[in-house]
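If you count the sequence shown from 1, position 85 lands on 94 in the numbering used here, and the numbers rise without skipping.
With a straight-line cut-off of 20 Å between C-alpha atoms, the simulated EDC-like cross-links for lysine to aspartate or glutamate are:
#  : residue 1 : residue 2
1  : 117       : 53
2  : 162       : 110
3  : 140       : 45
4  : 140       : 101
5  : 111       : 149
6  : 84        : 73
7  : 43        : 110
8  : 99        : 70
9  : 117       : 101
10 : 99        : 29
11 : 32        : 101
12 : 111       : 29
13 : 111       : 25
14 : 154       : 25
15 : 46        : 126
16 : 84        : 96
17 : 162       : 29
Ranges of calculated distance between the beta carbons of each label pair, as one might list FRET restraints:
#  : residue 1 : residue 2 : range
18 : 164       : 99        : 17 to 27 Å
19 : 21        : 70        : 37 to 47 Å
20 : 24        : 68        : 35 to 45 Å
Worth flagging that the hints you see were computed from the coordinates, not collected in a lab.
Beta carbons: idealized from backbone N, C-alpha and C, even for Gly.
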Amino acid sequence: MSNRKITMSYPTVSNEMARELAKFVIKSYTNGSKFDKWNQFNLEDKSIGIYYGINQNLGTDLTDEELRNICNYPKASRNQILMFKNDINKGDWIIIGQGKEKSLYLAKIDSDYYYQENESEPEEFYRHRRKITCIHKLPDDFVRKSSMYTVSKFN
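Please model the complete structure; the sequences and the hints are all you need to start from.
Shown next, in the form of C-alpha cells:
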C-alpha cells in the first residue's frame, strides 16, 4: 500500500437512496493518520475489514460458543464479529463510517468473509475482510443513528 493521500473520486448518492439500500453500518473508531490509512486501504483494495484482536481465520459456520473459545470478549463484541462474518451477505449494501455518527460511503458487499494475511501491515490491520463494489460518497448532511458498535444493522 502506498503512503499517498486518497485522491479517488466517487459519485454522490442521495440520502433517500442510501437509506433505502443500506442494511448494515461498518465503521472505524481510529482517528488521524491511522484512520486515513484504514480508509485508504479500504478504498484502494475495494474491501472493508474489522479486527477485534483475532489474528486467525475464523473459517466457516462459526458459532458464538466457538468464538468465545477463541477470544474472551463480551457478548456484544462477539455479536459484531459474527454479524460481519455470518449475517452480512454478498449483495448487501453498507454504510462505511467513522466514529459514532460520521458516515462517508455507501458500498455493496461483493464477497463472502475472508481472512487476509498481510505481512507488510501490523497484525491489528483489519485482516477479517469482505470485498466491496459500487462505492458512492454520502452527502455531507447524511445522518444515521448514533452507534457505539463497529458493525451494526442500519435501521
